[in-house]
Amino acid sequence: MIAAIPSPLDLVDLPFMRTALAELALLAVAGGLLGTWVVLRRLAFFAHAVGTATFPGLVIAEAAGVTAQGAGLATALAYAGGVERAGKAGRGLGDAATGVLLVAALATGVILASDVFHSGAAVDRLLFGTLLGLGRGDLVFSAAVAVLALVATTTVGRTWTAIGFDPDSASSLGLPSARADLLLVGLVAVAVVAAVPAVGALLVTSVFVVPAACARLLADSVRAMLAWAVGVAIAQGALGLYLAYWLDTPPGPAVATLGAGVYALLAIGSAITRRQG
Amino acid sequence: MSAGVRADGLAAGYGGRQVLRDVSFELEHGRTLCVLGPNGGGKTTLFKTLVGELPPLRGTVEVDGRPAYVAQTERTRLDFPVGALDVALMGSLPHGRWWLPPRAADRRAAEDALERVGLSRKAGARFGELSGGQRQRVLLARALVQDARVLLLDEPLAGVDPASAERIAALFGELREEGRSLLVSTHDVESARRFDLVVCLNRRQLAFGPPREVLDRATLEATYGREMIILEDGGPARAVTVQHHEH
Chain X
1 MIAAIPSPLD LVDLPFMRTA LAELALLAVA GGLLGTWVVL RRLAFFAHAV
51 GTATFPGLVI AEAAGVTAQG AGLATALAYA GGVERAGKAG RGLGDAATGV
101 LLVAALATGV ILASDVFHSG AAVDRLLFGT LLGLGRGDLV FSAAVAVLAL
151 VATTTVGRTW TAIGFDPDSA SSLGLPSARA DLLLVGLVAV AVVAAVPAVG
201 ALLVTSVFVV PAACARLLAD SVRAMLAWAV GVAIAQGALG LYLAYWLDTP
251 PGPAVATLGA GVYALLAIGS AITRRQG
Chain C
1 MSAGVRADGL AAGYGGRQVL RDVSFELEHG RTLCVLGPNG GGKTTLFKTL
51 VGELPPLRGT VEVDGRPAYV AQTERTRLDF PVGALDVALM GSLPHGRWWL
101 PPRAADRRAA EDALERVGLS RKAGARFGEL SGGQRQRVLL ARALVQDARV
151 LLLDEPLAGV DPASAERIAA LFGELREEGR SLLVSTHDVE SARRFDLVVC
201 LNRRQLAFGP PREVLDRATL EATYGREMII LEDGGPARAV TVQHHEH
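Chains X and C supply the protein sequences, listed in that same order.
Quick note on this note's numbering: the first sequence kicks off at 1 and runs consecutively.
Quick note on this note's numbering: the second sequence kicks off at 1 and runs consecutively.
Since the hints were derived computationally from the structure, they do not count as laboratory data.
The reader is advised that the hints may include incorrect statements.
Some chain X residues flagged as far from chain C (calculated, every beta-carbon gap over 12 Å) [stated by the list, open to error]:
1. 10
2. 11
3. 13
4. 45
5. 81
6. 102
7. 165
8. 171
9. 173
10. 235
11. 243
12. 249
13. 265
Some, not all, of what chain X presents toward chain C, calculated at C-beta under 7 Å [to be verified]:
14. 101
15. 155
16. 162
Note that the coordinates shown come from a computational prediction; the quantities given were computed from them, not determined experimentally.
For every residue, glycine included, the Cβ atom is placed at its ideal position computed from N, Cα and C.
Please model the complete structure; the sequences and the hints are all you need to start from.
Structure representation (structure tokens):
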């Protein structure tokens, strides 16, 4: 049976809902802005893999009583560094290698959680997040990442656009491609770690890929895409949280499902418009 | 420096693997050089070395300032949400201040450049929706905004409509008059005759000099091998290249 429709004002009146909403808004800024670059530079799979790569690190941190962020950051940056090195060596870390790494990280995390540290109950939380159990530290981390994403986008955005659009001409334009790419990959890794407590290692793409992918279908300039991505992320976060509260489902998956639904509708709509045009 | 570009005993390649050798030429300011050779002959490798993206394996290269490089249009991301004016504006990035939004002067320079290539009315059009020739002209506009003394253009006339080709050829003349050095790669022998100088490459430099001295039957055969059919109709040797594309 579906519960009575709750007041949307509960989202701001109830302290735990307010925290969740604030976290989603901060992640919307970070995810919408960085996600735009992730989608434009075709790093969606990388963003997903970085999230999953943090999982074994988080399990160990949980068992050792170390801060999860530190361990997540270490694994995410190590992974991002590996990808960047492989890319620089001209080989690139192909989709297949990324896929293998993803599975290995997931499986290692599960084994560590169930058989080594016997912390099985934490697996759900680490994989799918706990939007309703966030602490002040999580909000501060997400706020810092949102500010970083905003500063990076306003300063390095033109460079990222020029490199992404025409990589061959980057050096003749005097653009430091390698450093700009490293900065982007590193920022995405850090931002993914900030999002893990809220949406979990497996659902980070709902923050870093889905809103920007929706924006890609709506916008015809990079600037508009950035704005749409943040807007879609905020709307998807608030509505998803409200639906989860109403239907009593876990909020992280609710936000992710809603985002995927919105993307599907937009993709169908844009395909129809293209066919008519 | 007096010359726009100078290469001396240059060997170049990727990751230590040599794909081009024995390149020596000099190009004065206000002169045009056609870099002629088959696909895979080393034209793009030479350009990447001149831009500074690839270090020379042997020998030296000198370029006056940072050259503007116009890659083949199919190397650009056509799905990127950028307009013609946005692309032209990218030419202002090397002028410092890359971390700030473009200034009014940068915007004017980009608009002027689009006008020079005959595309002011397409300033707001999506790059990916323009024709091949128009895209090439937008990339040229970006090079104009860069205001480089040396321009490197990789196959700028390949797959370009006649109107665009005419506009591009006229622009080459103007840039030459302004004292800039132009290096234009092509695999089309006939278009090479319109340049001041020609350098023939096929994994090494086979000839360098004015077209009437360089473009003889022996050099063309050495450059293209079996990719070429020579048409002899009394006048100078005319050549038609047959491109063997790998599928």
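Structure-based check of each hint:
no. : hint : verdict
1   : 10   : 38 Å, holds
2   : 11   : 33 Å, holds
3   : 13   : 40 Å, holds
4   : 45   : 17 Å, holds
5   : 81   : 21 Å, holds
6   : 102  : 26 Å, holds
7   : 165  : 5 Å, violated
8   : 171  : 5 Å, violated
9   : 173  : 5 Å, violated
10  : 235  : 21 Å, holds
11  : 243  : 31 Å, holds
12  : 249  : 35 Å, holds
13  : 265  : 20 Å, holds
14  : 101  : 24 Å, violated
15  : 155  : 4 Å, holds
16  : 162  : 4 Å, holds
Going down the numbered hints, you'll see the structure goes against 7, 8, 9, 14, while the others check out.
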